[in-house]
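Undergrad: So you can see what is in the structure, the chains are spelled out below.
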Amino acid sequence: MTGSEIAVLEGVARSFGRTKALHPLDLTIGRGVVGLLGPNGAGKTTMLRLLATSLPPSSGRITVAGHDVTADVAQRTAARRHIGYLPQEVSFPRGMTAAGFLDYVAVLKEWGAAERRRLEVQRVLGLVQLSELGTKRVSALSGGQRRRLAIAQALIGSPDLLVLDEPTTGLDPEQRASLRGLLGGLPGTVLISTHQTEDVSALCDRVLVINAGSLRFDGSVTELVGLATGRVHVGRDASQGALSTWRTGTGGIRSVGGRPAPGAVPVDPSVEDAYLLLRAAQQPTTGARP
Amino acid sequence: MTTQDWHVDDELWARYADRSLDAVAASSVDAHVVHCGDCQRRAADWDPNAAARVWPGVSREVSRPRLPAPLRLARRLGLSDSDAVVIGASNGLYLPWVVAVGGALVCAMLTGISVRQQDIAFILLAPLIPVLSVVAAYDATDPLRELVAGTAFSKLRIALLRTSAALVVAVPLTVAVSLGVPGLEDLAFVWLLPGLFLTLSTLVLMTWWRCWVAAGLTGLAWSSVVAGLDGADSALTVGAPPVQVGFAALCCAAAAVLVRRASTRRLMGGAR
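So the sequences go chain by chain: U and E.
Quick note on numbering: the numbering used here labels position 35 of the first sequence as 35, and the sequence is numbered without any gaps.
Quick note on numbering: the numbering used here labels position 99 of the second sequence as 1099, and the sequence is numbered without any gaps.
Just so you know, these hints were derived from the structure itself, not from any lab.
Please read these numbers as outputs of a predicted model, since none were measured by experiment.
Don't be surprised by glycine CBs; every beta carbon is placed ideally from N, CA and C.
Per label pair, the in silico range of CB-to-CB distance: (1) U:Ala140 with E:Pro1172: 32 to 40 Å; (2) E:Leu1236 with U:Gly95: 40 to 48 Å; (3) E:Ala1149 with U:Ala140: 23 to 31 Å; (4) U:Ser91 with E:Pro1172: 29 to 37 Å; (5) E:Glu1011 with U:Leu243: 54 to 62 Å; (6) U:Thr250 with E:Ser1020: 51 to 59 Å; (7) E:Leu1077 with U:Gly112: 14 to 22 Å; (8) U:Gly170 with E:Ala1240: 57 to 65 Å; (9) U:Glu174 with E:Ser1020: 28 to 36 Å; (10) U:Phe16 with E:Leu1021: 47 to 55 Å; (11) U:Arg123 with E:Ala1014: 27 to 35 Å; (12) U:Phe16 with E:Gly1246: 32 to 40 Å; (13) E:Val1098 with U:Gly17: 36 to 44 Å.
In silico EDC-like cross-links for lysine to aspartate or glutamate, where the CA-CA straight-line distance does not exceed 20 Å: (14) U:Lys136 with E:Asp1022; (15) U:Lys136 with E:Asp1018; (16) U:Lys20 with U:Glu10; (17) E:Lys1155 with E:Asp1081; (18) E:Lys1155 with U:Glu110; (19) E:Lys1155 with U:Asp72; (20) U:Lys136 with E:Asp1030.
Derived contacts from chain E toward chain U, CB cut-off under 8 Å, selection only: (21) Asp1081; (22) Ser1082; (23) Val1086; (24) Ala1089; (25) Leu1147.
Sequences are here, hints too, so could you generate the full structure?
TA: Shown next, in the form of structure tokens:
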């Protein structure tokens, strides 16, 4: 492991009974924001839970910040000190205030001294713009505010590896933009699972596309979009055999994939176009990054 | 109330600031100000020191959590601040303690009104009271199970803290019931080891399943055992020294499994 690698997966697989949620996977994650794209049930959450150490792998080895989390409890505990984790769903305990909840999580993250905890809670509340709601009960917060509170707990201690499972769910466009600004400015590694391809385009240095438990793409956003270059057209008619078509605001029909209709012109593809094309492909595709 | 042709006036600001608005009106002001630049600026002009007033509240909330009185007493007796936060996170402990009190009362009623079957009723119910109380302590924070699993804090420590906090009420109450209900005096302490074993077993099962599933399995198993005992002699059977020794051994075994599951469990996988 070199100094820039924060997480390494070697032959990591996970099954639930007879269902293989994740096929053997080798992956190295360095600094920056890494986006994880894939349809529902593709194995995204399983992969994130494995990296967050809340789920053990069925086989293989996971190393986080130089600590083998599959070795023993001491290594796993050491690794957990470097991880911030936002699960896909966080159900809050009854009766807690926002600050009380963060205080509790700070204790679980071994922030023992009350004064230091207080300052850290204030810091992360400020990061997610909930400073003035610290004394409110969680049950009185809106869905978006609860999601930001859940994100705040992951930020406690400025972890080297931030694992976020669909953090933008439930946030309005303004809050999403604010979150992007926050995540893009973090110094460590952020692994973010999302269905929002625009989040990936705006934020990620690297994209992983996973489908049916296997890694289908590993590369930069530019490389991902490059897969769709020349395969997205706008014309009066839809492309034959297109994966997706819709009428644009100017009245043309935008087609992703397929054989272009006569007179159709190629247009710049988006991450979503590339993702749709990639999903349709049966074989794994690898970008420039090993 | 969120349209841009409407703005928060001075009177509304004053009532908002002193929290005399009802929840609906206060939420409407919140929602409007989020989207209205004019009112955001007016809010700053009207009350530039709002943040300075809010922060002490947040600080108070974090540095001096509103703990139940017994927990404040425990803090004075040496319980650490962080341990108090972990225990206090179990819904302020009110739920597990209410369960303990309610369980003890039900136990007293059933054994009191069913004189012929009171021994077997007591042996069936008493060991389950601490189980229910402990489970209630976990249920309050169980929604965070996924999140807690990935933190460095010792899961065994969490288990012991919450269990101790629940048992400190459940055990004395149940003993009091056995001493208070006529005819049960001889059973006052017989149930303690079975109760401890069932509690430890439930904690072990909770490393696999949700707390109420674990409690259900434990309760079902214990009910089957008691049903299989010989009627009125069941209390004598459970209280017999060899049986008590057996429960002590089972407690040690369950404790060992709990320690292993909670703190030294290896993740599956490992090096290829």
